[in-house]
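Please build the complete structure, drawing on both the sequences and the hints.
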Amino acid sequence: MTKPDMMHNKSILRVVSKLLIPPIMLFALYVQFHGDYGPGGGFQAGVILASGFILYGIIFGVDTARKVLPAWATRTMLAVGLMIYGSTGLATLIMGGNYLDYTVLTGNVKTGQELGIFLVEFGVGTTVTAAMTTIFFTFAGQREDDEGTENPTQ
Amino acid sequence: MAASALVMVRLRNLFAVAMLSGAFSLIAAVLYVVMDAVDVAFTEAAVGAGIATVLMLSTLGLTKQEEKIRAGSPLLALLIVFVTGGGLLYGTLDMPHYGDATAPINNHVAPRYIEKSGAEVGPPNIVTSILASYRGYDTLGETAVVFTAAIGVLAIIGRSRRKKMGAPENRPEHDREHDREHDHEHDRGTA
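Residue numbers (the working numbering), protein chains in the order written: chain C, 1 to 154; chain Y, 1 to 191.
Think of the hints as simulated: they come from the structure by calculation, not from any bench. Since the model is a prediction, treat every value here as computed from it, not as a measurement. Note that beta-carbon positions come from the ideal geometry of N, C-alpha and C, so glycine has one too. Incorrect hints may have been included.
[Stated by the list, open to error] In silico lysine to any residue, SDA-like type, Cα no more than 25 Å apart, as pairs:
#	chain 1	residue 1	chain 2	residue 2
1	Y	K68	Y	T53
2	C	K110	Y	R112
3	C	K10	Y	A16
4	C	K10	Y	L57
5	C	K10	Y	A49
6	Y	K116	C	L93
7	C	K110	Y	Y134
8	C	K110	Y	L60
9	C	K110	Y	I126
10	C	K10	Y	F15
11	C	K110	Y	A119
12	C	K10	Y	A52
13	C	K110	Y	R12
14	Y	K116	C	L119
15	Y	K64	C	F60
16	C	K110	Y	I114
17	Y	K64	C	F139
18	Y	K116	C	H34
19	C	K10	Y	N125
20	C	K67	Y	G61
21	C	K10	Y	G22
22	C	K110	Y	P111
23	Y	K116	C	N98
24	Y	K116	C	Y99
25	C	K10	Y	P111
26	C	K18	Y	G48
27	Y	K64	C	D63
28	C	K10	Y	L62
29	C	K18	Y	G22
30	C	K18	Y	G61
31	C	K67	Y	K68
[As the list claims (entries may be wrong)] Ranges of calculated distance between the beta carbons of each label pair, as one might list FRET restraints:
#	chain 1	residue 1	chain 2	residue 2	range
32	Y	A71	C	Y37	13 to 23 Å
33	Y	A37	C	I94	29 to 39 Å
34	C	L19	Y	A144	50 to 60 Å
35	Y	T59	C	L29	23 to 33 Å
36	C	N108	Y	L93	43 to 53 Å
37	Y	I69	C	L115	16 to 26 Å
38	Y	F82	C	T111	48 to 58 Å
39	Y	N107	C	R14	26 to 36 Å
40	Y	P104	C	Y37	21 to 31 Å
Following this line, the structure appears as structure tokens:
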């Protein structure tokens with residue numbers, strides 16, 4: 001049902017997904033940076049952003065999607081997100097506070113907490129986006145390879 | 001919700017089961033909205049109904065669409081399900097009613113979060129201040145779990161894929177070129 005070769009030829013799907021993907025990504029950014037005021041946060045934003053890439057991968061094929069978001073990029077993002085989170089904690093430790101006590105980042109409760117939460121949520125979003133796309137592309141890539149070996153003339 | 005769960009048990013077509021489990025998650029998300037837990041509903045809708053369904057479908061692409069009929073009696077499995085479900089239901093009898101003001105959960109740390117999180121942390125969304133600030137360690141742990149899951153998938157499936165790429169003998173020319181592209185990707189990935 002999600003065979004990329006089949007999906008390539010469906011012009012309605014192609015056009016609709018092309019129209020949908022930019023708003024999906026914009027919405028992900030909104031959820032990411034508006035998490036302080038409304039529902040949402042890094043985790044949800046990461047999943048939504050990843051779903052944009054996954055939709056692209058389903059419609060246009062994993063190899064095309066991999067050109068947009070290559071394997072090295074998702075792997076780096078995967079690690080960098082967690083490191084942003086962890087090193088925010090280390091920074092607060094170095095600046096004389098407890099681990100992940102954001103107030104010491106600027107010395108002011110309001111701005112310090114805001115900066116800390118922003119950094120931490122950004123880290124979560126980065127890791128979740130990378131994790132979801134990695135898992136999907138690994139599974140989907142697997143299938144394309146299997147098809148290739150079963151039916152080499154394709 | 002119960003109807004979709006029962007249909008899922010009866011169906012043998014796994015594609016329909018995957019779609020129904022997505023619908024199940026969506027109804028669960030609506031339930032969370034009704035209970036005023038919008039953040040949880042958001043996550044349920046995005047992960048349960050969205051990504052999980054897509055992952056199920058991509059896994060289905062690797063296997064067959066129909067569930068195999070197992071030999072042997074399902075009575076033991078049914079018994080375990082009933083005993084576990086009965087135990088869980090029995091456990092809920094002791095729980096306080098939903099929205100009970102005297103329930104322990106509403107008298108422990110929740111009042112402090114509601115009263116002081118504005119001054120102590122700042123964001124108007126208390127859920128965000130709990131997740132990212134009060135419970136920062138937990139969220140760090142959760143992020144590590146997501147990271148580990150992706151690493152696990154890469155370690156298990158990502159490697160077998162590369163091995164397959166290393167043996168392109170009996171395949172036509174354009175397929176082998178395809179492989180070379182992939183190998184480049186892997187080189188960059190490991191560099």
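A quick look at each hint next to the structure:
no., hint, result
1, Y/K68 x Y/T53, "holds (21 Å)"
2, C/K110 x Y/R112, "holds (18 Å)"
3, C/K10 x Y/A16, "holds (22 Å)"
4, C/K10 x Y/L57, "holds (19 Å)"
5, C/K10 x Y/A49, "holds (24 Å)"
6, Y/K116 x C/L93, "holds (24 Å)"
7, C/K110 x Y/Y134, "holds (14 Å)"
8, C/K110 x Y/L60, "violated (49 Å)"
9, C/K110 x Y/I126, "holds (14 Å)"
10, C/K10 x Y/F15, "holds (20 Å)"
11, C/K110 x Y/A119, "holds (8 Å)"
12, C/K10 x Y/A52, "holds (24 Å)"
13, C/K110 x Y/R12, "violated (55 Å)"
14, Y/K116 x C/L119, "holds (22 Å)"
15, Y/K64 x C/F60, "holds (23 Å)"
16, C/K110 x Y/I114, "holds (17 Å)"
17, Y/K64 x C/F139, "holds (15 Å)"
18, Y/K116 x C/H34, "holds (21 Å)"
19, C/K10 x Y/N125, "violated (42 Å)"
20, C/K67 x Y/G61, "holds (22 Å)"
21, C/K10 x Y/G22, "holds (24 Å)"
22, C/K110 x Y/P111, "holds (21 Å)"
23, Y/K116 x C/N98, "holds (20 Å)"
24, Y/K116 x C/Y99, "holds (21 Å)"
25, C/K10 x Y/P111, "violated (54 Å)"
26, C/K18 x Y/G48, "holds (24 Å)"
27, Y/K64 x C/D63, "holds (24 Å)"
28, C/K10 x Y/L62, "holds (22 Å)"
29, C/K18 x Y/G22, "holds (23 Å)"
30, C/K18 x Y/G61, "holds (24 Å)"
31, C/K67 x Y/K68, "violated (38 Å)"
32, Y/A71 x C/Y37: 13 to 23 Å, "violated (57 Å)"
33, Y/A37 x C/I94: 29 to 39 Å, "holds (37 Å)"
34, C/L19 x Y/A144: 50 to 60 Å, "violated (37 Å)"
35, Y/T59 x C/L29: 23 to 33 Å, "holds (29 Å)"
36, C/N108 x Y/L93: 43 to 53 Å, "holds (49 Å)"
37, Y/I69 x C/L115: 16 to 26 Å, "violated (58 Å)"
38, Y/F82 x C/T111: 48 to 58 Å, "holds (56 Å)"
39, Y/N107 x C/R14: 26 to 36 Å, "violated (56 Å)"
40, Y/P104 x C/Y37: 21 to 31 Å, "holds (30 Å)"
Hint compliance for this structure: hints 8, 13, 19, 25, 31, 32, 34, 37 and 39 are not met, and every other hint is.
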